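Chains A, B and C, in that order, give the protein sequences.
The numbering of the first sequence is this note's numbering, which starts it at 4 and goes up by one.
The numbering of the second sequence is this note's numbering, which starts it at 135 and goes up by one.
The numbering of the third sequence is this note's numbering, which starts it at 45 and goes up by one.
Hints are computed from structural coordinates only; laboratory data are not their basis.
Predicted model, so just to flag it, every value in this text is computed and none were measured.
For every residue, glycine included, the Cβ atom is placed at its ideal position computed from N, Cα and C.
Any given hint could turn out to be false.
No farther apart than 25 Å at their CA atoms in a straight line, the calculated lysine-lysine pairs in the BS3-like style are these [claimed, not checked]:
1) A:Lys15 - C:Lys314
2) A:Lys59 - A:Lys418
3) A:Lys267 - A:Lys48
4) B:Lys197 - A:Lys16
5) B:Lys139 - A:Lys392
6) A:Lys70 - C:Lys145
7) A:Lys267 - C:Lys212
8) B:Lys197 - A:Lys15
9) B:Lys197 - A:Lys300
10) A:Lys451 - A:Lys436
11) C:Lys384 - C:Lys202
12) B:Lys207 - A:Lys6
If you anchor each label on the Cβ, the simulated ranges turn out as follows [what the hints assert, rightly or not]:
13) C:Glu152 - A:Lys246: 52 to 62 Å
14) A:Lys246 - C:Gly248: 46 to 56 Å
15) C:Glu178 - A:Arg66: 34 to 44 Å
16) C:Leu238 - A:Lys246: 32 to 42 Å
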Amino acid sequence: MDKQRYERPLIKKLESNMPNKFGTRTEYLPKTHIDDVAVTELADKYGSPLFVLSEKTLRSNIRNAKKAFETRYPKVQFAWSYKTNYNDAVCRVLHQEGSWAEVVSGFEYDKALNNGVEGSKILFNGPDKTDDDLKKAITNESIIHIDHLDEFYAIKEIAGNLNKDVNVAIRVNMDTGVYPMWDRFGFNFENGQAWDVLNRIMRSDIMTLVGLHTHIGTFMLSPNAYAVAAGKLAELAIGIKEKFDHEVSYIDMGGGFASNNTLKGAYLPGTDISPSINDFAEAITSALISSNFEHDKLPLLILETGRALVDDAGYLIGSVLSNKRLSDGRRSTILDVGVNILFTSFWYDHKITPAQPFTQYTEDTVLYGPLCMNIDIIRDHISLPLLNKGDKVVIHNVGAYNMTQWMQFITLRPKIVLIDIEGNTHIIREDEKLQNLLDVEKVPDHLKDFEL
Amino acid sequence: MNINKNIAVSDSGFVFNSTTGESFSVNPIGVEIIEMLKQEKTIEEINQNIAERYNADLVTIDKDVSDFIDLLKQYSLIENQDAA
Amino acid sequence: MRPKIKIAVTGLNAIDNPGPGVAVIRGLLEAESFEASIIGLAYESLEPGIYMHNLVDKTYQIPYPSAGTDLLLERIEYINGIENLDVIIPNFDAELYSFIKLETRLKELGIHTFLPTLEQFEERLKINLPEFGEKYDINVPKSEAIYSVVDFRKIQDKYDWPVVVKGKYYDAGIAYNYEQVTTYFNKISAKWGLPIIIQEFSHGTEYNVTGVGDGNGNTISAVPMRKQYITDIGKAWGGIAITDEKLIELTHHFIRETKWRGGFELELMKNKDGSFYLLEINPRIPAWVYLAVGVGQNIPEIIVNLAMGINVEPIKEFKAGKMFIRYSWEMIVDLEEFEKISTTGEL
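Produce the entire structure from the sequences given, and follow the hints as far as they go.
This is how it looks when you write it as structure tokens:
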């Protein structure tokens, strides 16, 4: 006789509530397969926890994004934001789709070079570029986006010593009506800082101003802010043309488009309120087209979109370690996924679904990670079906930042697997081993021996 | 250990305590356990019964059933006669 | 013979802070142009309308908007499969965004709505009120958004005490000094997030208007009301229909300028020199809508007809000298009914 599927007994008090504004979110539709590969099979074969990336989703996202912009604007170039996910396989998918590289450190710069991106197609952003980084970037003819005046002087000196011309852009910060205003990076538009550095660049023989760059914020939910920013950069470009008779060849609108994740405290889920890539494309391109550029002289539009391209291509599979009841009667479930590998759970209410079918019975649950640390909370409130020990869950929209911001803390980091277009799985990063750590740690001689 | 006499359990899993006026929703396996408690089965018998019919091991079942019974006590649905 | 129309209605919580659903249903059942049968849509099992079988044929529970539009649509598809709905009238602020987003997909199911556009819905948000006033030339109290209490120091000089400290969506407090601003700021932002809106305090008498715009700038209905008695939580329990020409003209102006589509409620303040200030626009039918029905402007009926694509001539007249008095009474309900809605989500 076949036994019935076991579900733990559940009793829920029927609360006599009136409709409140914050209803419970139920997410009990199971996610049994990722791109037709069974979640349980993936976990059996590669272990749990496990990051899974869908090449299909990633390619379709970048193609959609390109289409959204290219149908609205004549010249468009995407540059892959390395910090969002610099796993080589991910980067190469995007380079295959025509994206340049956008890097913010010497480490990321070397990674892009190592991936085979030619120097002139690497945009070098960020406040931290060492003299060696700058030397390398100038020699490779990369484009340097200047962040501050100290960097301007450093570039001038290094390029002078190398006796080599250098292509630069400046990062501009501005008021786009969005809070908080990101004024720590680049030069301010409203108070004249931007013009000040532009004047210096234009007076320099060794620097050529090729572009203007901005990056107005992160997880932006307002396409209109991008329209304001594009308008201001256009105004600046036209001012440069008038003053110096010099045309910048591109405007770089940075990144920051929201993904489908739900920010903590938001009432409606991200899938409902995050603008689509078309909304952002419409705002940016109409602002540029309706600005005072002559129509045959519209600059190249560069986009450094990261999160919106990779977030929903990433999944994290985890397993239930234990169920327990807290002192106040709430149910808690411990997963093998901690905040050390799911950094984004600090600011998102990640969508989490079981990997196997369930009944309609659900229970309000706190989801904890496995770390012996009080901060290790994956969801402080979620309504989930009755999970048994060993059951698998799928955490959605984890492709951005988690695989770069993750920490080796208490445990070792898990594998990353890519599912290709044909449905084959590839390990694109091995799980960490104790030896990886021993390789970089050194024990002084006098600490080698001890007796207990 | 006895289910309180004033407790009505319907097939849909609706549990009503006419002494306190509180109502609860119970899933099918929970209803089965309450029925078995009414028949004055011991916890061991209940565990055994469930293990025979459902695909779970006794350890899991034992843990879940005792958690469930704790909740029944907390909600005053069980009169605790013995110290067990 | 009058056509039969099946209409689903939310907001069945006719409690001390009432949802408009039950009043809307009463209007629909009194409609002369069609014969309505009513499907209730409820979030919680104790919403009184669920148990009013003389008004509601059957009620289904639906998921909260926070579950996302996909789950909501799935549930409506299920309900529609049984009931074959013609129209849905959503009555909660918090659910409107989802229903507006679903408008075309509902239409594909043969379900009609008559709601404001997403642009209209967002334009009238509290945080956008100053721009709204400027764009459409409507008096609004001075207000601005702040992100920290320190921000208030920078704008303090522009305001006289007291000031109103408001949440992004809900909640407000009247502050008479900086310390109280701080208290309300912390309390409200903890619940509703940032920003907090600082608004000048308007003295005067409060008025409300409910009505319908056809989406082309025409006023199909407009009924002004003055609250006569207000409960502890600020809800009218008595109100009188009034014929203030200025209020009607202001409503026409609002609809003409915004091309408002659907039902609405304007909250206004009349100051000492007789001018009106617009405090808030609710993008839905208010709970006191039965007063409008009672004076001859059946707003729920109008909305159903507009949703069904039927031309409705503007109604300009209403019977003056009518008031509403709200009351509460107890229904006796069999526990089986509560059990049914609680366990199956249908009754």
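Results of checking the hints against the structure:
1. A:Lys15 - C:Lys314: The given pair, whose Cα atoms are some 50 Å apart, is violated under the 25 Å limit.
2. A:Lys59 - A:Lys418: It holds: about 19 Å lies between the C-alpha atoms, which stays within 25 Å.
3. A:Lys267 - A:Lys48: Not OK: A:Lys267 and A:Lys48 at ~33 Å, beyond 25 Å, violated.
4. B:Lys197 - A:Lys16: 21 Å, holds
5. B:Lys139 - A:Lys392: 34 Å, violated
6. A:Lys70 - C:Lys145: 24 Å, holds
7. A:Lys267 - C:Lys212: It holds: about 16 Å lies between the C-alpha atoms, which stays within 25 Å.
8. B:Lys197 - A:Lys15: 18 Å, holds
9. B:Lys197 - A:Lys300: The given pair, whose Cα atoms are some 72 Å apart, is violated under the 25 Å limit.
10. A:Lys451 - A:Lys436: 22 Å, holds
11. C:Lys384 - C:Lys202: With Cα atoms ~57 Å apart, C:Lys384 and C:Lys202 exceed 25 Å; violated.
12. B:Lys207 - A:Lys6: Roughly 29 Å separates the two Cα atoms, so the pair is violated.
13. C:Glu152 - A:Lys246: 52 to 62 Å: For C:Glu152 and A:Lys246 the Cβ distance comes to about 55 Å; the hint holds.
14. A:Lys246 - C:Gly248: 46 to 56 Å: Given a distance of about 54 Å, which is inside 46 to 56 Å, the answer is holds.
15. C:Glu178 - A:Arg66: 34 to 44 Å: Between C:Glu178 and A:Arg66, where Cβ atoms are some 42 Å apart, the hint holds.
16. C:Leu238 - A:Lys246: 32 to 42 Å: Since the Cβ atoms of C:Leu238 and A:Lys246 sit about 40 Å apart, the hinted range of 32 to 42 Å holds.
Hints 1, 3, 5, 9, 11 and 12, counting from the list given before, are not met by this structure.
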